[in-house]
Amino acid sequence: MTYIIERIGIWIGAFLTFAILSFLYKDNPFYKIAEQIFIGISAGYWFIYTIYNILIPNLFTPVLTDLSANRLLLIPAFLGFLMLCRLIPKIDWVSRYPISFVMGTTAGMSLILFLRSDIIKQTSETMMNPFSAPDLAATIGQLILIIGTITGIIYFFFSKKHEGAFGTTAKVGIYFLMISFGAAFGYTIMARISLLIGRLNFLLGNWLGIIKP
Amino acid sequence: MRRQFPLIITFFIGTLIVISEFIPHKPFGNLSDTFYGWFLIISGFAIILGQLNLFKVNLIKISRKSPNWRYYIIALVSFIIMVLFGLLWGTQKHPGLLTNTQPLIDFLGRKPFDYLFKYFFENLSATMFSLLAFFVASASYRAFRARSPESTLLLTSAVLVMLGRTTIGTWITGWVPESLTYLHLPNIANFIMEYLNTAAQRAIMICAGLGVVGSSLRIILGIERSYLGGK
Chain R
1 MTYIIERIGI WIGAFLTFAI LSFLYKDNPF YKIAEQIFIG ISAGYWFIYT
51 IYNILIPNLF TPVLTDLSAN RLLLIPAFLG FLMLCRLIPK IDWVSRYPIS
101 FVMGTTAGMS LILFLRSDII KQTSETMMNP FSAPDLAATI GQLILIIGTI
151 TGIIYFFFSK KHEGAFGTTA KVGIYFLMIS FGAAFGYTIM ARISLLIGRL
201 NFLLGNWLGI IKP
Chain V
1 MRRQFPLIIT FFIGTLIVIS EFIPHKPFGN LSDTFYGWFL IISGFAIILG
51 QLNLFKVNLI KISRKSPNWR YYIIALVSFI IMVLFGLLWG TQKHPGLLTN
101 TQPLIDFLGR KPFDYLFKYF FENLSATMFS LLAFFVASAS YRAFRARSPE
151 STLLLTSAVL VMLGRTTIGT WITGWVPESL TYLHLPNIAN FIMEYLNTAA
201 QRAIMICAGL GVVGSSLRII LGIERSYLGG K
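So the sequences go chain by chain: R and V. Going by this note's numbering, 22 is the number at position 22 of the first sequence; the sequence numbering is gapless. Going by this note's numbering, 142 is the number at position 142 of the second sequence; the sequence numbering is gapless.
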């Protein structure tokens with residue numbers, strides 16, 4: 001019986017795959033149905049995920065098992081409850097308190113994290129001796145790394161007009177950025193194509209059994 | 001007071017977290033961890049708020065019979081089924097409200113929530129994202145013209161990285177003699193990724209980091225207050 005149920009699942013999966021791909025022709029009812037199922041299922045999935053993986057281990061279990069030791073957790077629980085009040089238009093302003101807490105925490109943590117990992121770490125990584133590299137290729141590479149980083153930063157400096165020597169340096173920064181965007185674009189295409197190959201694998205393997213999945 | 005008190009909370013919490021980073025002793029020592037735990041709980045509620053809001057919006061659309069309202073019923077039903085299955089029978093790692101789930105698991109091969117995840121969610125999300133492959137290809141065909149030095153660089157690096165990171169790259173330049181290995185496409189792609197790409201990414205990260213620090217300070221000091229809404 002399990003095999004039949006699994007086959008039904010595979011057939012549903014194949015139908016949904018075709019329904020989504022049918023959008024390549026044009027928007028149609030099959031696509032709309034699949035799209036709405038996707039929205040509903042995703043929302044439901046994240047709902048359950050949040051309850052089981054965030055709220056139960058971090059709030060409900062500690063509070064229900066040992067309230068006296070975890071009394072402070074009632075504060076975020078209360079703030080979370082206030083957050084849900086956003087759904088009631090008359091009292092939606094109370095959700096500003098949890099939002100302000102979240103914003104304060106996010107701002108404080110981001111400030112420290114980005115200062116440490118992005119600004120200080122990346123700057124110190126760039127401050128290196130390029131001539132200490134083992135071979136010529138690495139030396140050239142490290143010189144490029146230093147030049148690219150500095151010119152890139154200069155490009156992002158918008159408080160001064162990009163003209164003259166400053167503009168030329170910024171232009172070199174743009175070239176480096178373009179190369180990077182090209183590489184990122186290439187990777188994005190490869191990722192999407194590999195997903196497409198995965199779908200074809202599913203259709204030809206799991207569904208039709210023509211190839212071994 | 002409806003606006004001032006939230007601003008005070010933001011200032012207080014943000015400042016305490018920054019201070020606790022520089023003074024890792026009592027009473028500041030564990031504040032960062034405590035607030036992070038609270039932050040997790042509140043964001044959990046925020047996620048739930050998002051799902052409930054989706055439910056509410058769909059319900060409103062259906063009740064007002066807005067265009068395509070019948071499709072929103074499907075979204076609602078899918079959402080309800082997924083949540084009910086998750087709550088009643090649990091997930092692969094977590095037990096649900098119902099205790100005797102084994103007969104159903106034996107029948108389906110897995111828990112109902114996991115069954116929906118495997119055959120609905122996985123297929124739908126993978127296909128939805130793979131659909132972008134066609135649109136990206138179509139967009140690049142129209143947009144990728146080597147009209148300027150910048151676009152030529154973008155085009156060249158994208159092609160070199162794609163070729164160098166796949167077997168076709170090795171196949172095309174496999175015949176190049178050993179003394180000229182730096183001309184092998186995989187090596188060129190590696191060089192681009194290791195140096196040229198890293199240089200630009202570093203510049204972006206440093207500047208974005210400065211931007212985040214600036215924005216965080218604006219939020220903590222109450223200069224940026226758009227998150228409180230207009231009322």
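For the record, the hints were derived by calculation from the structure and aren't laboratory data. Just to be clear, a hint being listed does not mean it is correct.
Unchecked claim - In silico DSSO-like links for lysine-lysine, alpha-carbon gap of 30 Å or less:
| no. | chain 1 | residue 1 | chain 2 | residue 2 |
| --- | --- | --- | --- | --- |
| 1 | V | K65 | R | K26 |
| 2 | V | K26 | R | K32 |
| 3 | R | K121 | R | K90 |
| 4 | V | K118 | V | K93 |
| 5 | R | K121 | V | K61 |
Quick check: which numbered hints come out false for this structure? Hints 2, 3, 5 not satisfied by this model.
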